[in-house]
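K.L.:
Protein sequences appear in the order of chains A and B.
As numbered in the working numbering, residues 51 to 165 make up the first sequence, in order.
As numbered in the working numbering, residues 3 to 117 make up the second sequence, in order.
If you're looking for bench data, these hints aren't it; they were derived computationally from the structure.
On a predicted model such as this, the values are computed, not experimentally measured, just so you know.
We put the beta carbon where it would ideally sit given N, CA and C, even for glycine.
Please note that a few of the clues may not be correct.
[As the list claims (entries may be wrong)] Computed list of lysine-lysine pairs in DSBU-like fashion (alpha-carbon distance at most 35 Å, straight line):
no., chain 1, residue 1, chain 2, residue 2
1, A, Lys53, A, Lys66
2, A, Lys66, A, Lys120
3, B, Lys16, A, Lys53
4, A, Lys88, A, Lys164
5, A, Lys120, B, Lys16
6, B, Lys16, A, Lys66
[What the hints assert, rightly or not] Simulated coverage check for chain A against chain B, where a stretch passes if three residues somewhere in it have a Cβ under 8 Å from a Cβ of chain B:
no., region
7, 88–97
8, 151–163
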Amino acid sequence: AQKVTQAQTEISVVEKEDVTLDCVYETRDTTYYLFWYKQPPSGELVFLIRRNSFDEQNEISGRYSWNFQKSTSSFNFTITASQVVDSAVYFCALSEAYNNNDMRFGAGTRLTVKP
Amino acid sequence: NAGVTQTPKFQVLKTGQSMTLQCAQDMNHEYMSWYRQDPGMGLRLIHYSVGAGITDQGEVPNGYNVSRSTTEDFPLRLLSAAPSQTSVYFCASSYSTAQLSYEQYFGPGTRLTVT
């Protein structure tokens with residue numbers, strides 16, 4: 051079965067620092083989808099990005115950017131000039147086209163941005 | 003649109019009691035799912051449904067039942083609550099096709115404590 055590893059349990063930075071959240075995945079499928087979700091202290095889960103395995107272009111959305119590298123099975127997330135409002139738990143997730151009804155999440159990385 | 007709604011928000015059960023967590027969505031999504039979130043373990047899929055009348059097991063189905071009589075509703079039943087089922091439960095829905103995997107929209111969660 052597919053697997054997602056987020057090795058960083060907790061990260062603490064000071065406002066305006068850049069921070070990268072790591073995500074490493076395992077899958078036997080050649081077609082798969084990677085996701086990032088944000089869970090702020092209020093508890094809801096917010097979708098950030100979806101990427102399919104055939105699109106290795108990096109993506110930038112404001113202060114957020116994602117680096118997808120199939121060679122290292124990684125889909126890392128960088129926040130530039132972090133802000134206190136970025137404090138949240140961030141989850142990386144994977145679903146395989148072969149069984150796209152089963153999405154596997156990583157354990158999450160808790161990011162704390164201090165003022 | 004209300005999106006995905008869940009009731010109740012909080013629940014305390016005694017061991018052995020049964021209850022139903024309610025989930026509804028108004029986006030006409032075919033795919034619905036239930037996850038549990040435990041500290042350090044991310045979200046784990048309990049059950050999912052790809053349409054009315056169709057359900058299947060996820061990664062951690064034991065102790066839970068589901069049914070899908072309408073597109074909108076996907077209740078989760080705890081048959082005989084155990085302390086190990088203390089968790090935060092999230093319902094989610096997404097538009098899905100046979101070949102693609104789309105982002106899921108999550109409800110606000112139900113915090114369940116079993117004593």
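K.L.:
All the hints need checking, so say for each whether the structure fits it.
P.N.:
Results of checking the hints against the structure:
A C-alpha spacing of about 32 Å is found between Lys53 of chain A and Lys66 of chain A, which places the hinted pair at or below 35 Å, so the restraint holds. Under the criterion of a C-alpha separation no larger than 35 Å, the hint pairing Lys66 of chain A with Lys120 of chain A is consistent with the structure, at around 30 Å. Distance restraint check for Lys16 of chain B and Lys53 of chain A: the Cα-Cα separation of roughly 34 Å lies within the 35 Å cut-off, and the hinted pair is therefore satisfied. For the suggested pair Lys88 of chain A and Lys164 of chain A, the alpha carbons sit about 18 Å apart, so the restraint of at most 35 Å is met.
About 47 Å separates the Cα atoms of Lys120 of chain A and Lys16 of chain B, which puts this hinted pair outside 35 Å; it is violated. With a C-alpha separation of about 47 Å, the suggested pairing of Lys16 of chain B with Lys66 of chain A is violated against the 35 Å cut-off. For the region 88–97 of chain A, the stated coverage by chain B holds: 4 residues have a C-beta nearer than 8 Å to a C-beta of that chain, and at least 3 were required. Coverage of the region 151–163 of chain A by chain B holds [criterion: at least 3 residues with CB-CB distance below 8 Å; count 8].
Comparing the model with each earlier hint shows violations of hints 5 and 6; every other hint is respected.
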